Each structure stands twice: as C-alpha cells, then as structure tokens.
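Going down the list, the protein sequences come from chains A and B.
No gaps in the numbering here: position 279 of the first sequence is 279 in this note's numbering, and each next residue is one more.
No gaps in the numbering here: position 288 of the second sequence is 288 in this note's numbering, and each next residue is one more.
No lab work stands behind these hints, which were simulated from the structure alone.
Please note: incorrect hints may appear among the correct ones.
[Stated by the list, open to error] Covered stretches of chain B, going by a simulated chain A footprint (3 or more residues, C-beta under 8 Å):
1. 181–192
2. 196–204
[Claimed, not checked] Pairs of lysine to aspartate or glutamate residues, derived as DMTMM-like cross-links and limited to a Cα-Cα distance of at most 25 Å, are as follows:
3. A:Lys229 to B:Glu228
4. B:Lys229 to A:Glu139
5. A:Lys229 to B:Asp247
6. A:Lys229 to B:Asp168
7. B:Lys229 to B:Glu274
8. A:Lys82 to B:Asp247
9. B:Lys82 to B:Asp168
Computed from a predicted model, the values in this text were never measured in an experiment.
Backbone N, C-alpha and C define an ideal beta-carbon position, used for all residues, glycine too.
One-letter residues, chain by chain:
Number of protein chains: 2
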Amino acid sequence: MANAPSPPFHESVERYFRELQNTICRALELADGTATFREDLWQHPSGGGGATRVMERGTLIEKGGVNFSSVTSQLSSALAAKMHVPAQEIVATGISLVLHPASPMAPTVHMNARYLRLESGDAWFGGGTDLTPWYLFEEDARHFHRTLKAACDTHDPSSYAKFKHWCDEYFFIRHRGETRGVGGVFFDYVRGEPDRTFAFVRALGDAFLPAYLPILERRRSEPWGPEEKRWQRIRRGRYVEFNLVYDRGTLFGLETNGRTESILMSLPPEAAWEYDHEPPAGSREAALITVLRQSQTWI
Amino acid sequence: MANAPSPPFHESVERYFRELQNTICRALELADGTATFREDLWQHPSGGGGATRVMERGTLIEKGGVNFSSVTSQLSSALAAKMHVPAQEIVATGISLVLHPASPMAPTVHMNARYLRLESGDAWFGGGTDLTPWYLFEEDARHFHRTLKAACDTHDPSSYAKFKHWCDEYFFIRHRGETRGVGGVFFDYVRGEPDRTFAFVRALGDAFLPAYLPILERRRSEPWGPEEKRWQRIRRGRYVEFNLVYDRGTLFGLETNGRTESILMSLPPEAAWEYDHEPPAGSREAALITVLRQSQTWI
C-alpha cells in the first residue's frame with residue numbers, strides 16, 4: 001500500500017497544505033523584509049517526505065519554521081495501542097508552523113493542520129493554532145480568537161467553543177499549572193463528512209494570516225530592552241517544556257523516526273532557566289502568569 | 001504507613017545523602033569562590049520533602065543544583081504497571097545534582113544516588129554520574145572514568161564495565177543518535193545485600209568530588225570566546241532534549257507531582273536551538289560529535 005496511488009481526496013488535501021505553506025511563507029517574508037525562508041526537502045525512511053522551510057535572524061522573526069510533510073509509516077504496536085487500533089500503516093500529511101518573533105512584545109504562534117489515514121480506511125483531520133504572548137495585550141488575544149471564531153462559525157456555530165476549550169486543555173503545562181499561552185483552537189480525530197470537514201480545515205488554515213499578521217505588525221514598534229528579552233527567554237523555556245514533555249505531535253514524530261530538525265524547528269532560538277524565577281507582584285510579567293493560570297474568555 | 005517510623009537502615013541511607021549534600025556544597029562554594037548556595041526546604045503533598053540548594057552566576061558555576069529529598073508517594077497505576085508491581089506506596093530518598101559551569105571548556109556533570117522502598121518491602125538502590133563536555137579533553141574523560149572505576153572496584157571488579165555500559169545506553173539521545181556526553185556509570189534496581197550495596201553507593205558518592213573537581217580546576221583558565229559560548233548553548237539544548245524527553249527521573253518527578261523547580265534545576269541557565277546546525281568538518285566541535293556517536297572506551 002505504501003506505493004499505491006493516493007485517492008483523489010487525499011491528493012487535494014495535500015495540495016491545499018502545500019499551497020498554504022507557499023502563501024504563508026510569502027506573506028512572512030514580505031512582513032519581515034530581511035530574512036527569507038531556506039527550504040530543505042527530505043525523505044522519510046519508510047516512505048514519503050516533506051519540505052521544511054526555516055527563516056532565522058529576521059527583523060521580525062528570530063526563528064520560524066513552516067513545514068509541509070506527507071509521510072507513510074508503520075504504527076508501532078505501542079503507538080497503535082495508544083490509538084486503540086491494530087498496528088498498521090498510517091499515512092499522514094500536514095502543515096505545521098511555529099514562529100518565534102525577536103521582540104518580546106510580539107507573541108509566538110503555532111499552527112498545524114493534518115490529515116491521517118489508516119490502512120483500515122479510517123481517516124480524520126486534526127489541527128489547531130495557539131498564541132503565546134510574553135507580555136499580555138488583551139486586544140491581541142481578542143483579535144486572534146475573534147478571527148478563529150469567524151472561521152469556525154462558517155463550519156458549525158458550536159465548534160469554536162468546543163475547540164477553544166480543547167485548546168486550553170491541550171496546551172496545558174501540567175507541572176507548572178499554566179496554559180502555554182492564551183490559546184486558540186485545537187481539534188483532533190475529526191471525522192465527519194470528508195468534504196465538509198476539509199472545508200472547515202481550509203477555513204481555519206486560511207484564517208491563520210489574518211489572525212496573526214496584524215498582531216505582529218501592531219507590536220513591531222513596541223519598545224523593549226534587556227529585561228523584557230530576559231523574561232522572553234525564561235518564558236520560552238516553558239514553551240520548550242511543553243513541546244518536549246507533552247506535545248503529542250513532537251513525541252509522535254520523534255518516536256516514528258521523523259526528521260529531527262523538522263520536528264524540533266518548533267523550539268525557540270534561545271531559552272533560559274533561572275531557578276524559581278517569580279516576577280514581582282503587580283508587574284506586567286506577573287499579570288501574564290495570572291492569566292495563564294485560569295482559563296480566559298476572550299470574546 | 002506514611003507516618004510509620006523509617007527502619008534504621010533507611011535512616012542511615014538518608015543521613016549519608018544529607019551529609020554528602022553538605023560536603024559537596026561546601027567544596028563547590030570553596031572552588032567557585034564567589035557564589036554560595038541558597039537553600040529551599042520544601043514538603044511533598046503526599047509526605048516527606050527535601051532541601052534544594054542552588055547556586056547561580058558564580059565564577060565557575062553558572063548554575064548548579066544539589067538536591068536532597070525524602071518523599072513518600074503513591075504509585076499511580078500507570079507508573080506501577082511500568083515498574084511491574086501493584087499500585088502501592090513508595091518511599092524514595094536521594095541526592096541529585098547537576099552543575100553547569102560558565103566556561104564552555106568545562107563539562108557539565110550530573111550525579112544521583114537514590115534508595116527506593118515499596119510498601120511490599122521490596123527495596124533497591126539506583127544512581128549514577130555522567131560527564132557532558134562541550135569540547136573534548138580526553139584526559140578529562142579518562143580521569144572521570146578512572147576515578148569511578150576505582151570506586152566500583154571496591155565493590156565488585158566487574159561492576160564498572162557493567163555500569164559504564166548501562167550509562168552509555170541510558171544517556172542516549174535516541175532522536176539525535178548521540179550519547180549525552182562521555183558517560184560514566186549508571187545503575188538501577190540494585191538489590192543485593194543491603195549493607196554491601198549501600199557501601200558501594202557510598203563509595204561512588206564519595207568519588208564524585210575527586211572525579212569532577214580536578215576537571216573543573218584544570219579548565220578554569222582555558223580561553224574561550226563568543227563562538228565557544230554559542231556552541232555550548234547549542235549543546236545545552238541537547239541536554240534539555242535528553243532531560244525532558246527521556247530522563248526517567250525527571251518524568252517520574254513531574255508525573256508524581258514532585259516540586260517542579262527542584263526537578264528542573266537540572267536544566268541549563270541558557271540553551272539555544274539553531275536549525276540544522278552542523279559544525280564544520282575537522283573542527284573541535286565536529287570532533288566532539290564523532291565521539292558521542294559511538295561508544296568509547298576511556299580506560
């Protein structure tokens with residue numbers, strides 16, 4: 001089955017993800033104005049491959065990766081057991097991005113959309129996007145959520161609430177008692193009618209740039225100094241903790257011998273760990289933590 | 001059973017770990033000459049607690065932690081299943097240290113010794129120590145291993161080879177195909193005759209300072225600049241990857257609601273991730289990688 005032609009539906013999903021990668025990379029290069037994406041094409045040992053695009057040391061983006069992949073692999077019995085299915089072949093195609101802006105005033109963002117298909121024929125979509133500010137600008141969180149809600153509403157007016165809640169639960173750093181950031185939407189194992197679900201995934205994918213770019217622009221000239229950069233590094237440490245301890249996509253990739261550099265492009269350019277760092281009461285840094293410690297309503 | 005008095009053997013193990021913490025901290029403060037350890041006493045929600053000592057921004061030690069703990073907790077059914085025992089109470093006491101020197105020429109070091117006792121009465125020792133250089137000085141690796149071998153030999157002349165091999169297997173960053181460093185010794189589930197095993201653990205604990213301090217002193221005046229510091233940060237990123245993805249002690253601590261700041265004191269003060277960083281062929285940085293990619297004999 002590894003070399004069997006993909007069904008037309010699968011191909012159109014793949015084509016959309018590739019086009020989205022192009023659109024997003026072009027827009028980011030324009031916004032950044034200095035750095036450009038470098039592309040690495042790679043092959044997976046068990047079939048398929050991907051195109052990893054990374055931008056480093058830009059004016060706005062200190063490090064950013066936008067990955068496309070389409071990989072065939074064999075579910076190990078351990079992974080299959082976790083997914084409550086027999087061990088078999090799995091085909092996964094998706095786009096995955098993480099952008100780490102240079103300015104501590106601009107939030108880090110993640111977006112992912114994927115389509116998985118088992119040898120058994122079972123297939124589903126998953127994905128999501130979440131915003132991780134280091135300093136809280138409520139209007140940024142509201143703009144991000146409002147844009148995502150509008151995309152969700154085109155699909156099902158109840159979906160935003162459900163996927164927003166799922167996002168808060170998923171991007172939770174249990175050992176810190178904090179969410180990774182101000183959330184967004186997250187969904188997995190969405191089966192439903194394929195064309196309709198795909199339309200929803202496209203709506204969300206297309207919403208990424210309008211949800212994030214205005215925030216990046218808005219924070220472009222916000223002043224900051226070494227103390228804000230230090231705080232950003234400490235908080236980026238929390239981002240690393242989430243990705244390496246809890247993120248299912250990262251661990252799935254590492255366990256299935258995915259391309260390490262493509263999986264770990266999500267890690268920040270720099271991170272710091274200071275023992276028992278606590279921002280002073282009443283500070284902007286402390287205000288962020290308060291917000292991350294209990295679920296917020298942004299709309 | 002949580003409040004039952006500890007058996008005398010358990011108490012003497014605990015006392016040794018506390019004394020070792022004192023001895024090591026005093027020696028490190030003397031060696032550093034600037035920074036001193038700050039101590040935080042803490043209690044575990046389910047019983048017991050610990051003393052975490054951390055030193056930051058020293059002349060030699062950029063960040064170092066030396067923890068003592070003695071904790072009673074309930075094994076979750078998931079953890080019990082992993083350990084192939086029924087869910088029950090577990091008492092764990094131990095010392096755990098990680099030192100991150102400021103100079104990229106001086107290696108990071110880890111040491112841990114622990115004694116675990118199940119409600120069922122089953123009890124065992126575990127522990128080990130390993131060295132993680134950023135630049136390879138073969139005489140440092142040899143000195144470290146030679147000192148550990150001498151300590152092992154007092155116990156059982158075959159133990160060094162066994163525990164050295166176990167260390168290479170344990171401190172392996174699978175997704176990078178690299179060991180964390182040049183190894184040392186690692187052991188777990190060592191039951192045997194309690195007094196004899198404890199004597200072995202003491203021999204290894206007492207070997208820590210003679211194994212590491214001379215290396216720290218020897219690299220004190222080795223010159224380095226921003227490029228070496230950058231390399232150290234990149235390699236420290238690999239250290240983070242190991243600790244958060246694979247280290248059983250770290251994951252066990254986080255899963256059993258251990259004190260996060262005490263568990264994660266092992267993380268470096270700063271780390272960096274550059275996309276697909278490869279040191280130039282023939283460089284000192286490339287020479288290190290070569291050594292980490294296949295098991296070495298140091299004695």
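Structure-based check of all given hints:
1. 181–192: violated (count 0)
2. 196–204: With 0 residues close enough to chain A, the hint is violated.
3. A:Lys229 to B:Glu228: Within the cut-off at roughly 22 Å; holds.
4. B:Lys229 to A:Glu139: violated (39 Å)
5. A:Lys229 to B:Asp247: violated (29 Å)
6. A:Lys229 to B:Asp168: violated (37 Å)
7. B:Lys229 to B:Glu274: Within the cut-off at roughly 14 Å; holds.
8. A:Lys82 to B:Asp247: Holds: lysine 82 of chain A and aspartate 247 of chain B sit about 21 Å apart, inside 25 Å.
9. B:Lys82 to B:Asp168: holds (22 Å)
Consistency note: the structure conflicts with the earlier hints numbered 1, 2, 4, 5, 6.
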